[in-house]
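Participant: Given next are the chains, with one letter for each unit.
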Amino acid sequence: MHDVLYFLQQLINGLTVGSAYALIAIGYTMVYGIIGMINFAHGEIYMIGAYISLIVITGLATLGSAWLPLVLLVALICAVIVSSSMGWAVERVAYRPVRGQHRLIPLISAIGMSIFLQNYVHLAQGSRNIGFPSLIQGGITMGAEDGFQTSISYMQITIFVVTLVCMTALSMFISKSRLGRACRAVSQDLKMSNLLGIDTNRIIAATFVIGAALAAVAGLLLGMYYGSIDPLFGFIAGLKAFTAAVLGGIGSIPGAMLGGLILGVAEAMTSGYLSGEYKDVVSFGLLILILLFRPTGLLGKPEVEKI
Amino acid sequence: MLDVRNLSMRFGGLLAVDGVSLDVKEKEIVSIIGPNGAGKTTVFNCLSGFYQPSGGTISFEGKEIQGIPDYKISRLGLVRTFQHVRLFNSMTVVENLLVAQHRHLNTNLFAGLIKTPAYRKKEEKSLERAAYWLKQVGLLDLANREAGNLAYGQQRRLEIARCMVTEPRLLMLDEPAAGLNPNETRELNQLIIRLKEDYCVSVVLIEHDMSLVMDISDRINVINQGRPLASGTPDEIRQNDDVIKAYLGEE
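From first to last, the protein sequence lines are chains A and B.
Read in order, the letters of the first sequence correspond to residues 4 to 310 in my numbering.
Read in order, the letters of the second sequence correspond to residues -19 to 231 in my numbering.
Derived from the structure by calculation, the hints contain no laboratory data.
Be careful, since some hints might not be right.
[What the hints assert, rightly or not] Quick partial rundown of chain A residues pointing at chain B, CB under 10 Å, derived from the structure: (1) D192; (2) M195; (3) R297.
Beta carbons: idealized from backbone N, C-alpha and C, even for Gly.
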């Protein structure tokens, strides 16, 4: 019984973090799917999302607003708006001017943007850890009073639910809406879409905005879950989400979701059964394995060389 | 409506197109023929904005269009197809037609999010138009199939339908009959004539299938090694000595 509960606990922890990874990974995968570049500044967008929500929460607290759902909703909206504008601006300033050039150039531009944003937050907010108030407390516990207890916190449930809602909305948007349709067309054949009169610049900007909005949601959720943030908060999470995107097959949205969950669970199991220190070893080891044996990822389509 | 004068295109030391002129009137089918490598597709690429021509002028309905970006040219009503089919393969047949109408339905994101009546109306209208053109090219039954799974001849027709939903004034078809069987070629033939007669679309055609070219063209331009060789009605071209020489070699 003890073993099962312990396993269950690790699984829950893993799925929680994994679903947040998935939210960030979608941003990588959508941008890659549409213009074939890795947006290395994406982790920073996520970090900024976390900072903005913290600022808003603190601000509202000093104003004396205490009704929790309202506080969270306002924080979420502000974080999404600021991060989306950031995502849009980054694309406009750093990527669009170098689009269509050698693949390396946008990549370097992205790394530069990432360093810039990180240091900007360093300067503006200081480099030390800032505590993130854990607004959602309590949870459900299972198991014997004296033995090991599995607990699901309300925070974890919130992360699940919000992620699920976001992913459903995104899937609906991509498959049903007009803009989503245009996104799919552009990701399949940019030149042809252009010829059919689709404003591809606008569609590309839209994918950056959508990815950034999802990253901001993840920023708020994980900031609250971990309880503290710093300017490097986005760096590791960005790498993890990138790993998740590659794991699932970069360019594929369901792949990013699956990759995130697998990575989260793998990490939690490592911390639970081996040691927390090995967590990153396992996740990046997984990246190497997938690149060696299935470079297109789990759900990615193998590229067929046409003759 | 389309008037091309002295078009030339240079790639480094190679003059791929040299002094080609072409004019297309309303409701006219003009073909460009010539041996492989004569520069036909290069002419198309210049017209559709893929390449910026090195010299000459292209005017479309009185407006000079050489060197302006491709998406703007297509918005003027000058739409093309490619030698190889370029559909959005993993989208359904009807989605291919809907996405081509994207710019006609330009409404903002919020209208799409809350589905305003205006948005619904436009969406319905574009669906209607898509259905209409699917019927015209005989693909209505396959509307919800993935485009990549269609037979080759069907993909060709879908490509033409996708051009037509954008309401072009001039359609440029690059070897539309390539890879079609005689039956399909005949159907295509009728379709192109119908486009001209019923929808007032002018057509510029690159084609190797001489039966198709001779049947439907109002006028033919022959290009050889980048230079214009002859132009005239199908009958004139058939009897032109230079053309016979270029195609069959000298006796």
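Participant: Hint by hint, which ones does this structure get wrong, listed from lowest number up?
Facilitator: The structure breaks only hint 3.
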